[in-house]
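Protein sequence lines, in the order shown, are assigned to chains A and B.
Residue 434 in the working numbering sits at position 426 of the first sequence; the count goes up by one each step and never skips.
Residue 223 in the working numbering sits at position 215 of the second sequence; the count goes up by one each step and never skips.
Hints are not guaranteed to be accurate.
Identical chains blur together in the list; that is why a pair holds if it fits in one copy or across any two.
[What the hints assert, rightly or not] Think about it this way: if two alpha-carbon atoms lie no more than 16 Å apart in a straight line, the pair counts; the simulated EDC-like pairs of lysine to aspartate or glutamate are: (1) K496 to E135; (2) K454 to E67; (3) K363 to E418; (4) K30 to E53; (5) K363 to E401.
To be clear, the hints were calculated from the coordinates, so they are not data collected in a lab.
Below, each chain spelled out in residue letters.
Number of protein chains: 2
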Amino acid sequence: MPTARIQGKQLIGAEGSATNAKTFVATNPGTGTPLDPPFHEANGEEVDRAMTLASESAEFFSNTSYETRAKLLEAIADGLMDAGQELLDRCHAETALPMNRLVGERARTVNQTRMFAEMIREGSWVEAKIDHGDADRTPAPKPDVRSMLISIGPVVVFGASNFPLAISVAGTDTTTAFAAGCPVVCKAHPAHPGTCEMIGNIIADAVKATGLPAGIFSLLQGQSHEVGHALVEHPATAAVAFTGSIAGGRALFDTANRRRNPIPVYAEMGSINPVFVLPGAIEERAEQIAQAFIGSLTMGVGQFCTNPGLILIPSGEQGDRLIQLIAANAAAAAPGTMLHAGIHDAFNKGVARIKETSGVQLLSQTEGPSDQACCTIAVTDVATLRRERSLMEEIFGPCSTIVRYENADEMVEVAQAIEGQLTATLHGSDSELSEHPSLIRSLETKVGRLIFNGFPTGIEVCHAMVHGGPYPATSDAHFTSIGPAAIKRFTRPLCFQDFPNDHLPPELQDANPRCIMRMVNGVYTRES
Amino acid sequence: MPTARIQGKQLIGAEGSATNAKTFVATNPGTGTPLDPPFHEANGEEVDRAMTLASESAEFFSNTSYETRAKLLEAIADGLMDAGQELLDRCHAETALPMNRLVGERARTVNQTRMFAEMIREGSWVEAKIDHGDADRTPAPKPDVRSMLISIGPVVVFGASNFPLAISVAGTDTTTAFAAGCPVVCKAHPAHPGTCEMIGNIIADAVKATGLPAGIFSLLQGQSHEVGHALVEHPATAAVAFTGSIAGGRALFDTANRRRNPIPVYAEMGSINPVFVLPGAIEERAEQIAQAFIGSLTMGVGQFCTNPGLILIPSGEQGDRLIQLIAANAAAAAPGTMLHAGIHDAFNKGVARIKETSGVQLLSQTEGPSDQACCTIAVTDVATLRRERSLMEEIFGPCSTIVRYENADEMVEVAQAIEGQLTATLHGSDSELSEHPSLIRSLETKVGRLIFNGFPTGIEVCHAMVHGGPYPATSDAHFTSIGPAAIKRFTRPLCFQDFPNDHLPPELQDANPRCIMRMVNGVYTRES
């Protein structure tokens with residue numbers, strides 16, 4: 009997959025397309041230099057062509073066997089590995105993410121893709137339910153009713169800038185949509201269009217190798233918002249997955265809901281991921297907390313949606329001690345290049361806004377070249393937070409605000425004041441957990457994931473994971489965008505009433521030929 | 009529960025409230041006479057008071073035991089039965105629904121309420137998932153991750169006019185929200201406000217008897233749209249359930265999505281529930297089909313959301329025979345009083361529109377008094393349907409359009425042209441099912457429930473039931489509003505990472521003290 013093959017075109021059902029003369033280039037955020045080649049911005053005709061192909065292949069794809077879809081996913085995973093260093097090099101050039109991080113992210117991407125292959129092969133994910141009929145029931149016969157999840161139709165995927173492999177063109181949204189049997193049209197992220205095209209080619213090759221119609225995958229380039237909104241507005245689009253800013257996610261959400269037939273938008277948008285440090289935790293392990301906090305905050309130049317942007321620390325000597333340790337660790341944090349100039353600008357503006365807020369003191373700001381982001385820690389108190397609610401808005405990057413609290417009530421007050429979050433974290437001794445039921449209850453209503461004595465970055469890809477949460481963390485708190493349950497976003501239940509056994513999908517047939525877990529007359533069983 | 013107790017006030021946390029001088033009265037649709045007493049329209053202060061009480065009781069209620077919630081539901085079920093004939097009489101006076109229908113609907117309401125009590129007692133509905141940690145994993149330790157469904161917060165319920173017991177104040181939306189641990193604020197349907205108040209009192213009494221805070225239930229009256237929209241806009245509202253027209257549901261959906269923090273709206277709106285009759289079915293049982301079709305169409309004066317509004321019948325002699333039989337059955341259908349004057353007006357307008365449509369012939373229209381709705385059957389062909397898309401819009405009431413088709417392609421064309429539906433039905437021989445894969449595939453993409461050789465009215469309350477479907481049948485095709493799975497609407501997953509076992513909810517503790525079905529490391533089990 010030589011970089012030379014990057015053509016700067018749309019990939020519409022495996023065909024290159026460049027009907028729009030308007031182009032843009034990617035920039036190497038590390039050097040500020042533009043990267044070849046120029047990319048053609050998709051136009052309305054190309055949007056329509058991609059969505060029409062997706063629509064035309066949807067019925068066929070939704071009725072393919074799980075084995076076929078598993079093979080598609082495995083071919084994508086293989087292709088990502090086969091692309092080797094050249095893919096990582098282009099990705100590094102476009103994102104400035106360190107090579108070891110990209111190697112790790114590729115491993116996660118490949119692993120989650122293979123995990124979905126295994127999951128759909130096993131088959132229980134369809135949530136098959138069977139209620140047997142009873143022709144003799146009075147006053148009316150009881151019908152035979154059976155249901156299972158089916159694919160929802162063509163999905164439009166907007167990848168994240170901060171995970172160019174794991175949450176982009178071959179990321180978890182595309183993988184779960186394919187697993188569910190949904191065609192995918194990806195809008196390439198304009199900050200890493202070359203990486204997107206290389207991965208797009210890998211997927212197109214995998215589609216071909218699996219003998220599937222080329223129309224189940226397209227990739228459109230574009231720097232403007234127009235391409236994205238045109239995709240969301242297209243009548244063939246059935247659902248949208250997005251990872252990015254609140255403004256971006258909300259704009260797509262609004263577009264989707266203005267449609268004549270609104271469609272679901274799964275937007276994972278933003279979070280400040282508050283961390284509440286109880287006194288016992290400081291007594292037990294202040295140094296560990298300070299070190300792990302700065303590690304979590306500055307990892308990947310702070311460019312994680314689960315980055316801890318707010319940390320509550322008690323007033324008094326114990327808290328002072330923790331803050332000194334945090335300052336010492338922060339001073340040692342290396343500055344870093346951010347994903348692109350836009351993110352760096354927004355970070356600088358956010359830091360400037362915090363520094364100008366009355367009642368906020370700067371604790372620590374490391375020094376570095378002006379084109380890099382420096383770890384910034386501010387300190388304030390609950391009274392200021394009460395007044396300056398903008399302190400509870402996300403600043404994407406290595407910046408966090410310490411909030412000193414006087415008592416448990418102030419912690420509860422903050423927990424109640426924050427908006428919906430992906431995560432919240434508690435640090436304390438086991439016995440302290442019992443002492444703060446109101447805090448825990450309040451946080452439960454605000455977050456998707458509650459962490460004890462850890463930090464929110466580093467999301468385990470497992471069945472129980474919830475990478476989601478109330479608005480504005482996401483636009484739909486019912487779902488997770490990471491882990492096996494993410495597939496539910498791209499499915500809906502379909503019910504068959506009184507269908508002859510032979511004409512039911514195998515998942516719903518009496519003999520249970522797939523040996524999947526089903527709910528039969530209200531009881532979970534793998535029996536036939 | 010004497011009717012004399014109907015006070016025409018809001019019921020806000022068990023207290024009567026009537027701060028707005030504006031009133032309205034219910035009308036007996038059978039006699040056209042107004043019914044005592046006048047009902048005070050809720051105002052903004054009352055909306056705020058009800059939602060604030062709901063919000064204040066939400067945390068407590070969401071943390072009550074399943075046993076407590078089950079007892080609440082059982083007390084409601086008991087109360088509905090104890091209210092006896094007086095409740096049914098008032099309901100009959102406000103809806104003109106026949107007494108035997110109301111007795112049956114009450115039984116369904118009580119049964120579904122008890123079913124939810126049993127379901128939450130059993131406990132597996134929380135979908136507990138546990139992934140064990142591994143401190144020794146490299147390169148990073150694996151956290152212990154556990155998740156389960158929790159309640160979403162205060163729910164606003166808009167009941168249906170056509171099910172004053174089963175889908176109204178103590179209907180499936182309220183019951184499932186209570187089961188999930190969500191406070192409920194009901195907007196009473198203005199066509200049966202007295203029934204709503206009587207049932208509201210039953211619920212308030214049940215809340216009190218169960219020792220729960222009064223704030224978990226309020227009932228607001230109102231004829232204008234303002235009360236409803238104010239409820240949807242209120243910051244404390246977490247979700248909305250609605251059953252009614254597309255225009256009404258869409259308006260609430262739009263209001264909810266214009267909020268700073270959008271909230272889910274589960275609107276079950278409308279359907280024409282197309283029925284496709286294949287030639288073999290006519291050969292096998294033409295008389296049965298004709299009789300069952302007219303029965304389904306005219307039951308409850310056609311006022312069901314699953315009413316068959318479009319029936320495809322082959323051209324040619326066989327089809328002619330079926331149509332003659334339908335006409336004969338339709339001629340014998342008694343006219344009936346509709347739920348209220350507004351519905352009757354809309355029905356008359358819909359029938360007039362069909363009759364005026366060029367290419368449509370009237371097959372049968374029974375005669376009756378002008379204040380009653382008469383069974384109306386029109387006939388047209390696919391070419392006309394192609395041109396006159398309004399023929400595919402729902403007319404609520406006993407009116408259906410027969411569409412003659414020439415061949416299988418025309419059936420597929422209609423299946424592809426219809427919007428999202430609650431149901432579609434196929435009548436055919438077993439072997440014919442194999443001959444129409446495209447038709448079945450197309451219908452699968454359009455409906456929530458696919459019925460073979462039956463009729464869509466009469467919804468079985470069971471695990472596998474899907475009373476839902478793509479827009480505009482509902483506003484969210486992920487969910488059903490009938491059956492145990494309806495509870496999912498009012499829940500969302502919450503994940504605990506590395507929490508000490510003692511501090512986890514019982515559902516997620518190692519010992520599995522509730523003996524519920526859980527997914528542990530990807531495997532379903534009831535073991536500890």
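Going down the list of hints, with the structure as the test:
{"no.": "1", "hint": "K496 to E135", "result": "both (10 Å within a copy, 14 Å between copies)"}
{"no.": "2", "hint": "K454 to E67", "result": "between (39 Å within a copy, 12 Å between copies)"}
{"no.": "3", "hint": "K363 to E418", "result": "neither (23 Å within a copy, 68 Å between copies)"}
{"no.": "4", "hint": "K30 to E53", "result": "within (14 Å within a copy, 55 Å between copies)"}
{"no.": "5", "hint": "K363 to E401", "result": "within (14 Å within a copy, 59 Å between copies)"}
Checked against the numbered hints above, the structure violates only hint 3.
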